[in-house]
Amino acid sequence: MEQQDISTRHTSKKAKVRLAKRYAFERRFKMFGILAILISAAALMTLVYTIAVKVAGVFTENYIVLDVQYDEKIIDPSGERKTENFELSAFRKLVRTTLRENFSYVPGGRQAFPLYRLLSDAAILEVRKHIQANPELIGSTEKFPLLADDVTNLYLKGYYGTLEKLPSFGVAQPVGTSDTIEVFVQSNSLNVILQAKKDFMAKEIRRLNRQVRAQQRGIDEFNKRILAAETDQREQDIAKFKREVQTYTSRRDALQKEVSDLKLRIKALGGEAALNKDIASFFLKINGGMVKVNKISPDRIEGVVYRPLNSDAPAQEGQWELLVNSKPENDRKISDQQIAWIEKLKEQGKIKEIGNWRFLTANFSREAEQAGVWGAVAGSFWTMMITLLLAFPIGVTAAIYLEEFAPKNWFTNLIEVNINNLAAVPSIIFGLLGLAFVIGVMGVGRSTPLSGGIVLALMTLPTIIIAARAAIKAVPPSIREAALGIGASKNQAVFHHVLPLAMPGILTGTIIGMAQALGETAPLLMIGMNAFVVDTPTWFTDTATAMPVQIFLMADFPETAFQMKTSAAIIVLLLFLVVMNAVAIFLRQRFERKW
Amino acid sequence: MIGSVALTLLALTIASYFFARTRAVQSVGGKTGHLHSRPTYHGLYTFLWTGLISFGFLIVVNIASGLYIDYNIRTSLPEDIQGLPKIQQEQIVDQAKSIAKNKPVVGVAATDRAREVRDALAEQYATLSQVRYIGIAIIALLAFGFTFWVTYSQIDKDWRARNRSERLILYILLLCAVIAIMTTVGIVFALMGPTLKFFFDVSVLKFLFGTHWSPLSGVFEGKVDENTVGAIPLFAGTFMIAFIAMFVAVPIGLMAAIYLSDYAGSKIRSSAKPLLEILAGIPTVVYGFFAALTVAPFIRDHGDSWLYFLLFFFGPMLGIFLFRSVLRTFGLHSLSELFETIHLMKIASVASLAAYFALWFGYYEEVPSFGLSIASESALAAGVVMGIMIIPFISSLSDDIINAVPQSLRDGSYGVGATKAETITKVILPAALPGIVSAILLGFSRAVGETMIVVMAAGQGANLTWNPLEAMTTVTVQIVALITGDTEADTAAGPAFALGFTLFAITLAMNVIALRIVQKYRQKYD
Chain D
457 MEQQDISTRH
467 TSKKAKVRLA
477 KRYAFERRFK
487 MFGILAILIS
497 AAALMTLVYT
507 IAVKVAGVFT
517 ENYIVLDVQY
527 DEKIIDPSGE
537 RKTENFELSA
547 FRKLVRTTLR
557 ENFSYVPGGR
567 QAFPLYRLLS
577 DAAILEVRKH
587 IQANPELIGS
597 TEKFPLLADD
607 VTNLYLKGYY
617 GTLEKLPSFG
627 VAQPVGTSDT
637 IEVFVQSNSL
647 NVILQAKKDF
657 MAKEIRRLNR
667 QVRAQQRGID
677 EFNKRILAAE
687 TDQREQDIAK
697 FKREVQTYTS
707 RRDALQKEVS
717 DLKLRIKALG
727 GEAALNKDIA
737 SFFLKINGGM
747 VKVNKISPDR
757 IEGVVYRPLN
767 SDAPAQEGQW
777 ELLVNSKPEN
787 DRKISDQQIA
797 WIEKLKEQGK
807 IKEIGNWRFL
817 TANFSREAEQ
827 AGVWGAVAGS
837 FWTMMITLLL
847 AFPIGVTAAI
857 YLEEFAPKNW
867 FTNLIEVNIN
877 NLAAVPSIIF
887 GLLGLAFVIG
897 VMGVGRSTPL
907 SGGIVLALMT
917 LPTIIIAARA
927 AIKAVPPSIR
937 EAALGIGASK
947 NQAVFHHVLP
957 LAMPGILTGT
967 IIGMAQALGE
977 TAPLLMIGMN
987 AFVVDTPTWF
997 TDTATAMPVQ
1007 IFLMADFPET
1017 AFQMKTSAAI
1027 IVLLLFLVVM
1037 NAVAIFLRQR
1047 FERKW
Chain S
384 MIGSVALTLL
394 ALTIASYFFA
404 RTRAVQSVGG
414 KTGHLHSRPT
424 YHGLYTFLWT
434 GLISFGFLIV
444 VNIASGLYID
454 YNIRTSLPED
464 IQGLPKIQQE
474 QIVDQAKSIA
484 KNKPVVGVAA
494 TDRAREVRDA
504 LAEQYATLSQ
514 VRYIGIAIIA
524 LLAFGFTFWV
534 TYSQIDKDWR
544 ARNRSERLIL
554 YILLLCAVIA
564 IMTTVGIVFA
574 LMGPTLKFFF
584 DVSVLKFLFG
594 THWSPLSGVF
604 EGKVDENTVG
614 AIPLFAGTFM
624 IAFIAMFVAV
634 PIGLMAAIYL
644 SDYAGSKIRS
654 SAKPLLEILA
664 GIPTVVYGFF
674 AALTVAPFIR
684 DHGDSWLYFL
694 LFFFGPMLGI
704 FLFRSVLRTF
714 GLHSLSELFE
724 TIHLMKIASV
734 ASLAAYFALW
744 FGYYEEVPSF
754 GLSIASESAL
764 AAGVVMGIMI
774 IPFISSLSDD
784 IINAVPQSLR
794 DGSYGVGATK
804 AETITKVILP
814 AALPGIVSAI
824 LLGFSRAVGE
834 TMIVVMAAGQ
844 GANLTWNPLE
854 AMTTVTVQIV
864 ALITGDTEAD
874 TAAGPAFALG
884 FTLFAITLAM
894 NVIALRIVQK
904 YRQKYD
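Chains D and S, in that order, are what the protein sequence lines are. For the first sequence, the numbering used here assigns the number 457 to the initial residue and increments by one for each residue that follows. For the second sequence, the numbering used here assigns the number 384 to the initial residue and increments by one for each residue that follows.
Next comes chain D alone, as it looks inside the complex (with noise of 0.2 Å):
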């Protein structure tokens, strides 16, 4: 080849497009690179955010405390004092009572029992075993926190909407105190109500004219078929496209017909309109009461009493308000009865906040409002113990011989396609063996930390083994040459010499395995661990579950303050987990050398 092919080779028209080709391809596959690692990162970071985010609920709970009379008729009406006789329906009734007493104006049975449902039940049991404790209490008075419900607790940290006030003007002449009354208002105070409507009507016809163009494409469609048939002539074809086409029509005129009805009726909204449960709540507070609005004109409201009013004496501008809580009732699982009720308990200052420890130091429970992760720490510990104590010697003699004495043959050999296999297989198997074997044959209790622990050792072998060999590894064979050469014998050298220098490494792959024990769900469900306990497990034969299997199971749960509270266990494990391989790190970094 000529020297002039050659430099044109490099530098004509045809190589430059090629170089640039050539280059395009190096960034491109660069940037799919740091793609990668950004995706991850956003995977990362959008499970933290998501689990974390829910955990503010979390931190506090709310208590109304009330003066509850300790009846002795209700109690005790023996009068004998014997307290493990304290029936608890006689504290649900004590509580009751005392919740009656505060809302005197709310009418006894069914309709009390939205009421009583502001309170949780550990209230009742929290009284029982306060009088229990106290029985010279009986016949007092005493201000006593009782246990808010979890939806309660949610209205009262703003998850089911906040009350927010509306500017309102001009005097307000109600008619009536209680039941439905009416209330006259001499402003246009009250048009935001009917713009909230004429909003929600029009969101309405919005989502109807969506349907409508939805079943008008359904109809162009089958429209285009029945004429793709007809140049086919399909008979049979053209009549099944031509049915389909006229309940799509049908479908579509009722919509139409629905819209233009909503149509008017925005257009006849100055004279009156009624409110139902899809649009915001509006209240309306006058004289020490509160009516919730169900129908509004411009100058008039007609509203259910859910706070009897003092008198029917008109209000003056500034004495009266109008509020909304703007998430509608149906959106929400606290009524609007409800809302109004907890005000009250809140302008009376019977409302206490206070740091939520029952959910670190209470066991598990169906009721969101009580359940805690104590007796799954616990479980954790003893499963953790039991770990502990079997897969570490095990491990760690296992790796020596394996690294130190064990003679290169075919059984070693096997030994070690063993371990890497073993560190592979799913854990749920490790889950079935215990089952079949710890608890079927060795006759371990089911449900125990000691199962739970032996399988989860059986589990674990395989990553300290394969972490202490490449700890043992790393020990240079000069520290063993020159214990051999003073006179030590193989085992002195060993575990004199070698295996004080290998320990932080063994150390740090032990807490990882732990670490990832620790997190282990299914196979501790196959032996039964996800058992409810009440009881907190104080040793390693009780029953008992653990943290994962408890996350597991609160996540069953539907209720939003049970997804809080499934959030924050995760956090709480999260952080034992971060809290082992900090140590992990530690260790490493701190004791491990290089040779």
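To be clear, the hints were calculated from the coordinates, so they are not data collected in a lab. Note that CB positions come from ideal geometry on N, CA and C, so glycine has one too. Hints are supplied without guarantee of correctness; some may be wrong.
[Said to hold, decoys possible] Just some of the chain D residues that point at chain S, by a computed CB distance under 7 Å:
# : residue
1 : 857
2 : 975
3 : 1008
4 : 1026
Got chain D; can you put chain S on it based on the hints?
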């Protein structure tokens, strides 16, 4: 009971160490220099033997007597009870055991006769247990006493306690190493028992190739109907979810590994590596919670419109790419080049995005979508989250493999003028291919065996479909459902263990293949 015996034995063995050491010192009148082995070795020797023998007896006798009592109780059932179905017999035995152990009784006795037998059994069981515990305690203590007497009386100034205990320690080390093998053997046997029992009732072919899975619907007298245990829908679901997971994890994990090993500076590496390690350290139950409460509802609500968008976004690129590949395979390079020079890819992408927004604002007047219905427990959601879980697994394995390719190969490639990307795709990846394939296989095996994500986010009902937007169930989900369900443990164990055995076989095969690939095709450098 057993616990206190074990604690006593532990205390005794520790005491025996001190006794033996003292005796060794005394045997030479305090002049320890005359001993062949130092006193601690004498103590150690006694300690090891007494501990091994007494705890060995404790465990063996405990297990054996437990099995014997079980057998005894079952054979001593009166004849009329033995005529009853197996389930009822089991129930009576279980209740009797609970009564004898003072535990809450599950369920009630079916008949008066059953209650009578049950209470008698409970009494018999309680007596037997009493005898058993006393027997175990006596045997274990006797074993301890005998061993202690033998080893203690051997102590002498010429007794080679160090050599002997070192030999003994070696055997103990070997024993611990063998536990790994015993675990595998244990797994095989533990799974084999119930599986074989299950396959006495059900043909293996119907289990492996049947398409109808509802094992507990056809149960009659503790036996499952073999027409309702076809596991194909479960395998389909398992592999569907695992494939989706690999579809997410392999490109991201591999690209992350490549970027970290060949592109990233030490600063980025030191912050990106821990990020992947954190991803690897998060417990699977947390991923399950994330999948069930965040990803699955998101995909149910917005997956449709996202698919629509992605189709418009990537569709033209993919189409043109394929078109050009076809042109090139037919040797029409110049035509392919032509498409490239007029920037068809960019034009098409812009056009399709424009079309997307035109559809959005012109035709639909809302975010456009196909109108697909997506299950709230779709295979897609579980698969995507599982993929995220496996990213660090793939990336750390590939990272090791890519780093193991010697620098000389890179230098050679750079030397002939290749860019970094060309070096990676044309030199390093081919060299690392066996390792990467094995990493992918290991990741896939992990995806197949993963339990918590699918238990929390995938479906429960067997559903044989190709559509990843529908709910599908997996092998592991069904194992958990069977074992933790309310059905009789004996009935549910059959299908559950058969599934477990299949799962074990599949994952084991994949792991072995992965290891073989690495061993067989590994490039030997140096």
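Hints, one by one, checked against the model:
1. 857: holds, 4 Å
2. 975: The hint holds - residue 975 of chain D has a Cβ within 7 Å of chain S, the shortest such distance being about 3 Å.
3. 1008: holds, 5 Å
4. 1026: Since the shortest Cβ distance to chain S is 5 Å, the answer is holds.
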